[in-house]
Structure formats: structure tokens, C-alpha cells
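2 protein chains.
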Amino acid sequence: MAVIINLDQERNRPTETALDCLTEMVNDDLVRVNEIILQHMESPVALIPQLAGHIIAAGGKRLRPLLTLASARLCGYEGRHHLGLAASVEFIHTATLLHDDVVDDSGLRRGQAAANTLWGNKASVLVGDFLFSRAFQLMVTANSMKVLDILSSASAVIAEGEVLQLLTTNDPETSEAAYLDVVRAKTAKLFAAACRIGAVVATRPAEEEDALESFGLNLGIAFQLVDDMLDYSAASDTLGKTIGDDFREGKMTLPVILAYYRGSKAERQFWRRTLEDMEQEPGDLEKAVACMKRHGTLDDTVERARHYAALARDAMAVFPQGTMKEALLDVADFCVERAY
Amino acid sequence: MAVIINLDQERNRPTETALDCLTEMVNDDLVRVNEIILQHMESPVALIPQLAGHIIAAGGKRLRPLLTLASARLCGYEGRHHLGLAASVEFIHTATLLHDDVVDDSGLRRGQAAANTLWGNKASVLVGDFLFSRAFQLMVTANSMKVLDILSSASAVIAEGEVLQLLTTNDPETSEAAYLDVVRAKTAKLFAAACRIGAVVATRPAEEEDALESFGLNLGIAFQLVDDMLDYSAASDTLGKTIGDDFREGKMTLPVILAYYRGSKAERQFWRRTLEDMEQEPGDLEKAVACMKRHGTLDDTVERARHYAALARDAMAVFPQGTMKEALLDVADFCVERAY
Numbered sequence: 001m002a003v004i005i006n007l008d009q010e011r012n013r014p015t016e017t018a019l020d021c022l023t024e025m026v027n028d029d030l031v032r033v034n035e036i037i038l039q040h041m042e043s044p045v046a047l048i049p050q051l052a053g054h055i056i057a058a059g060g061k062r063l064r065p066l067l068t069l070a071s072a073r074l075c076g077y078e079g080r081h082h083l084g085l086a087a088s089v090e091f092i093h094t095a096t097l098l099h100d101d102v103v104d105d106s107g108l109r110r111g112q113a114a115a116n117t118l119w120g121n122k123a124s125v126l127v128g129d130f131l132f133s134r135a136f137q138l139m140v141t142a143n144s145m146k147v148l149d150i151l152s153s154a155s156a157v158i159a160e161g162e163v164l165q166l167l168t169t170n171d172p173e174t175s176e177a178a179y180l181d182v183v184r185a186k187t188a189k190l191f192a193a194a195c196r197i198g199a200v201v202a203t204r205p206a207e208e209e210d211a212l213e214s215f216g217l218n219l220g221i222a223f224q225l226v227d228d229m230l231d232y233s234a235a236s237d238t239l240g241k242t243i244g245d246d247f248r249e250g251k252m253t254l255p256v257i258l259a260y261y262r263g264s265k266a267e268r269q270f271w272r273r274t275l276e277d278m279e280q281e282p283g284d285l286e287k288a289v290a291c292m293k294r295h296g297t298l299d300d301t302v303e304r305a306r307h308y309a310a311l312a313r314d315a316m317a318v319f320p321q322g323t324m325k326e327a328l329l330d331v332a333d334f335c336v337e338r339a340y
Numbered sequence: 341m342a343v344i345i346n347l348d349q350e351r352n353r354p355t356e357t358a359l360d361c362l363t364e365m366v367n368d369d370l371v372r373v374n375e376i377i378l379q380h381m382e383s384p385v386a387l388i389p390q391l392a393g394h395i396i397a398a399g400g401k402r403l404r405p406l407l408t409l410a411s412a413r414l415c416g417y418e419g420r421h422h423l424g425l426a427a428s429v430e431f432i433h434t435a436t437l438l439h440d441d442v443v444d445d446s447g448l449r450r451g452q453a454a455a456n457t458l459w460g461n462k463a464s465v466l467v468g469d470f471l472f473s474r475a476f477q478l479m480v481t482a483n484s485m486k487v488l489d490i491l492s493s494a495s496a497v498i499a500e501g502e503v504l505q506l507l508t509t510n511d512p513e514t515s516e517a518a519y520l521d522v523v524r525a526k527t528a529k530l531f532a533a534a535c536r537i538g539a540v541v542a543t544r545p546a547e548e549e550d551a552l553e554s555f556g557l558n559l560g561i562a563f564q565l566v567d568d569m570l571d572y573s574a575a576s577d578t579l580g581k582t583i584g585d586d587f588r589e590g591k592m593t594l595p596v597i598l599a600y601y602r603g604s605k606a607e608r609q610f611w612r613r614t615l616e617d618m619e620q621e622p623g624d625l626e627k628a629v630a631c632m633k634r635h636g637t638l639d640d641t642v643e644r645a646r647h648y649a650a651l652a653r654d655a656m657a658v659f660p661q662g663t664m665k666e667a668l669l670d671v672a673d674f675c676v677e678r679a680y
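Chains W and X are the protein sequences, given in the same order.
Just so we're aligned: 284 in the working numbering is position 284 of the first sequence, and the numbers increase by one with no gaps anywhere.
With the second sequence counted from 1, adding 340 to any position gets you the working numbering.
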């Protein structure tokens, strides 16, 4: 009974704390991962660690490497290969961010000036390539062809997702299904791979690999849905995100897609002018948010996220109860709760 | 005696033919490699094969995959892993080209419109990432951790070289040594890796791996030196290269570096205005070429290339005489002779 009460308390803690809790549980590993990241950013070409350090030090939540560390520990892994792989996953993510900065021309990343505005697009592309190569060098040290297969396949899918996103940009007719295809590929696939490789290094049966893949995939979708909602929400202030980035870039995310399909003729014209023709005037972002609120699309985006978080939680049924499993389940909740 | 006469005839054939000859010798393999390339460009996202097809169909010489195929055969390899690896090497090269197009904003690539002018910078970066990921997926199928180590390390060095080149751009004080560092990293390292992995798949001793690495490295340097000379030469017309690309981008290549160091005060001012301050007027490219000719820097660049081609040839001493070895040695000559 005491345990049950504890878990309930856990569930009711402030949202940031679920991630803090997981971070604490794998803290020794995470310290080593950060060391590996710093070591492998090094290069005789000084601009590389400078630029990479800017985006990696900006930090973010280290959510993806955390998932690898926690998944490996959940699977009872006691070796050290998960450390390099966690660093590798973070490098893939960072390379994607650097290329995304170039691509989207967004001024801010994690609340700081994006690397491309400080060092130019050229350097951002090339340092991204460097980090991507380093990711594969790190994978080689883990000596698992299966891991290399999973992460190289995930990388190809991420690139496909990014191209797909490019094709839906400025297209107000983008369907929710097409949007979900983008989210699965560009975001959720790396979450899925980050989790799955935890089971692979621990040489656990396919059933556990699949469970962790499913957990990661659904967690990733929930995470991105909330991220896209936060791009239109005042809650972004505290997260260091710029509000309205997606709007200014004409990106079709779920809050907009739902507002477009639910909208009046006049509203649809508004979306076409601002996101298809990219003719944006002062006050348009506020109008866009008002329109979303009128149709409840921000709340509904969070509701969709809640659905995927539930799928993520249920995918973990194959694992016995334990503190690491509980911590991972709490992270699924956290991905939704950070919306508030 | 008859054999010796034959070899001499080989040496005196028109320059393009040395590469044609090697191509013929591994033609069955090359056909398979082209099939693998086409298969692995596929994606449900149609823009990816479209854009990748544009640059890969543009073709170039397939020099790097040819080197992998020929090196493997030279080492007596009779398996099939070299095919996927040759495709992998071409994908790494193509990804680099796509990112280089974005980076340098050059309008033409291999005599055709560059991908970024047709589809935009965004798509070029992302399809480059896709091909880079595919390269690693192909490596996984060859099931050699050693090959993965060699090619992931080479990729990191290439990115370092590209960043280094960025840092020397617009700097007329760039030394020949700094330029050579760039060339070794951004170009020659992939040539070296392409050759070395031929020995690796054939599980040959380290001595042969090293010999092929050295052959590829020096061949790559010779190739790039001549490439940089051709950027200022009328001979470029026939090669589908735009003349003056490097000049317009303020790139410091050897013909310019030598002209700057050998130049008068007035000439140095000219180089600083055009390449450092990027204030270029009509007729400046012609002036630049005249200045290079005055100081003999185009010819001397080819002479430097000849030196590295000789190093490449001599590195091959460990291999016994044979038609494949002869064909590779001829390619070293070809890399220099195409200057004329």
C-alpha cells in the first residue's frame, strides 16, 4: 500500500520532475556520456568544437540519450557500450538540429541564437556532417552490427521525414495523416531507435526490443505534438522556445491543420494568405492563435498527444514492475504534462 | 618484349582512355554497383530519388567506386561485398557534393544546373543527409566493422576538410601547406578509404591495406590539384566544368596561392580586392588568369600534381605486376594528363 501511495505522489509531482527523476537515476552514466560527447566534438579545426559546443552546451534535455541509458538499464545491461551509443544518438539529433537551422532559417534555437546566424549556413551544414560522422564512429566502438543497422536506418528515415515536411510546408491542405507521417519519421523514429538499442546491447529477446521501439515511437509522437502546440502557446516562454516560429515558416503542424479543416471560409482564406502565400502582417500570429483557441485545436493537439503517451505506456507491459520502468512511464506523462 | 611494348602503348593512349580501360575491366561489377545505387536512392518520398537522380545520373566519372572495385579485384577478392561498398563510397561523395552546392552557392555542377538552384538549399541538405545515411546502411550489409571504422573516420575528416576550406576562403595569405591540408582532408581521404577497403574486404595483410591507402591518398591529391587548375583553364569546356567558380567564390586554391606569393605589390592588391574583399568587376577573371600565366602557376600546379601521382604509383610496389595493377597506375597518370 505504501508503494502505491508513493507512485501516486510521483504522478502528481510538477511536470519537470519526471525527467529530473530519470536523469538522477542514470546520473553516473549521463556524466560519462557528457564526457564522451565533449571528447568526440574535438577536432584540430577549432571552429568545429566551438560551433558544436554552442548547440550541445545549449543542452536541451538530453532526452534521447537518457532514453538509451534508461532502456539499457531497464534491460539489466551492466556493460559500457550504451554510453557511446547514447552519445551517438545525441550527435545524430544535434546534426539534425544544425541542418534544420539552416533549412528553416529560424533565428532562435533553445532560446539562444541559432548556430547559422552566428557562423553562417555553410559552417552549420558542415559541422552537422562532422557530428553525423562522429555518431557512426561512436557506433563502431560499440561493435554491434545490429545497432549500426538500426541507427543508420533511423537516420535515413529522419531525412525522409524532413524532406516530407518540406513538401507539406505552405500547403494548408496537408492532412492530419500526412502530418503524422512527418512526425513519425523526423522525430519519433530516433526516439524509437534510442530505446530499442538499449535492449540490443543487453541482448534481450526481440519482444523486448519491439516493446522499447514502440514505447519510443509513441513517446516521440507525443513529444512532437506537444512541441508543435507549444509553438503557439504562452507556456513556451519558460521553455526558451520562440513563439510563432512554425507560423512564420509556413509549417503545417496539427494545431493549424485542425483549425484549417474546422475553419470558416474566411478563416481558410486567412490560413491560405499567411501560410501558403506567406503574406503575413503584424497581428496575424495573434489572429492565428485566436482562431486555434476558437476551434479548440491547441487543446485537441494535447489530447492527441495524450493518446500516444498512453500507447507508449501500454507498450511497456512486457517489462516487470520496477523503479526504472516507473521512471520511463513517468517520462511519457511528462511529455504531455509539459504542455501546461 | 611484346608485353613491354604493349604497356608502353597503353601509357601513350589519349588521357580519357586510361579511365575507360579500368572501367571496362570492372564493367560487370560497375553495372551491379549502378543497380545498387538506383535501388538505394529509392524512397516513398518521390523528391528524394528525383533530386538524387539528378546529381547521380549527371554521373561524373564514378572514379571513387571504380577505385574500390579495382582495389578489391587487385587483392584477388572474389566475393560480392565490394559492390555495396563501392555504392556506399559514391553515396558519401554525392552527399558531399550536394552539401557543397548549398555551401558554395555555385550555379553549375558537372556542367548542369546544381540541385540547389532547381530544388532549393533545403532539399539539397536533406537529400544529402539521406544519401549519407544510405551509405552507412550499405556498409552494414558488407558486415565488416573495420570498413565501417574506415569510412566513418574518413567522413569525419572530409567534414573537417570542408570546414577548413571555409576558413581559408577569402584569405589570400593561405599557405600552400594549409591548402594541402584541405585537399588531403576534403578529397584525398575518401580516395584513400575507397582503395583501402578493397584490401579489407579481401582480408589482405596490413601492408597491402596501407599501400592502397597511400595510392588513393596521393592519387586524390593529384586529382584535386588538377581540378583546381582546370577551374582557370580553357580545357574545362570539354569537362563540363564552369570556369572561374573558385574565383567567384573567393576560394584559395594552389594556382592563386602561388600567384599571390610570387606576385608584385599591385598584383597582391588585385588578389585582395577580388578574393578577400570580393569586389569583382567584369574582366577580373581574365586578369586573374593572365596573372597566373605570367607566374606559371597553372603549369606548376600540374607539376605538383605530377609529384603526387608519382608517389601514388610508387606506393603500389608491394603488388605484383598484372593488368589490374597496370590499369590503376594508368589512372594515376590520367589524373595528371587530363589537365591537357
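None of these hints come from the bench; they were simulated from the model.
Every residue gets a Cβ at the ideal spot worked out from N, C-alpha and C, and that includes glycine.
There's no promise every hint is true.
Non-contacting residues of chain W with respect to chain X, defined by C-beta distances greater than 12 Å in every case (computed) [said to hold, decoys possible]:
#1 20
#2 28
#3 36
#4 76
#5 79
#6 119
#7 136
#8 146
#9 152
#10 180
#11 261
#12 270
#13 286
#14 310
#15 311
#16 321
Which residues of chain W face chain X? A few of them, derived with a C-beta cut under 10 Å, are [to be verified]:
#17 96
#18 264
#19 289
Against the structure, the hints:
1. 20: 33 Å, holds
2. 28: 28 Å, holds
3. 36: 15 Å, holds
4. 76: 25 Å, holds
5. 79: Given that every Cβ of chain X is farther than 12 Å from that of residue 79 of chain W, nearest at about 17 Å, it holds.
6. 119: 9 Å, violated
7. 136: 4 Å, violated
8. 146: 9 Å, violated
9. 152: It is violated; residue 152 of chain W is separated from chain X by about 4 Å at its closest Cβ, not greater than 12 Å.
10. 180: 14 Å, holds
11. 261: 24 Å, holds
12. 270: 25 Å, holds
13. 286: Residue 286 of chain W is indeed farther than 12 Å from all Cβ atoms of chain X, at 28 Å.
14. 310: Given that every Cβ of chain X is farther than 12 Å from that of residue 310 of chain W, nearest at about 28 Å, it holds.
15. 311: Consistent with the label, residue 311 of chain W stays out of reach of chain X, its closest Cβ about 23 Å off (over 12 Å).
16. 321: 36 Å, holds
17. 96: 8 Å, holds
18. 264: Since the shortest Cβ distance to chain X is 32 Å, the answer is violated.
19. 289: Violated, about 26 Å.
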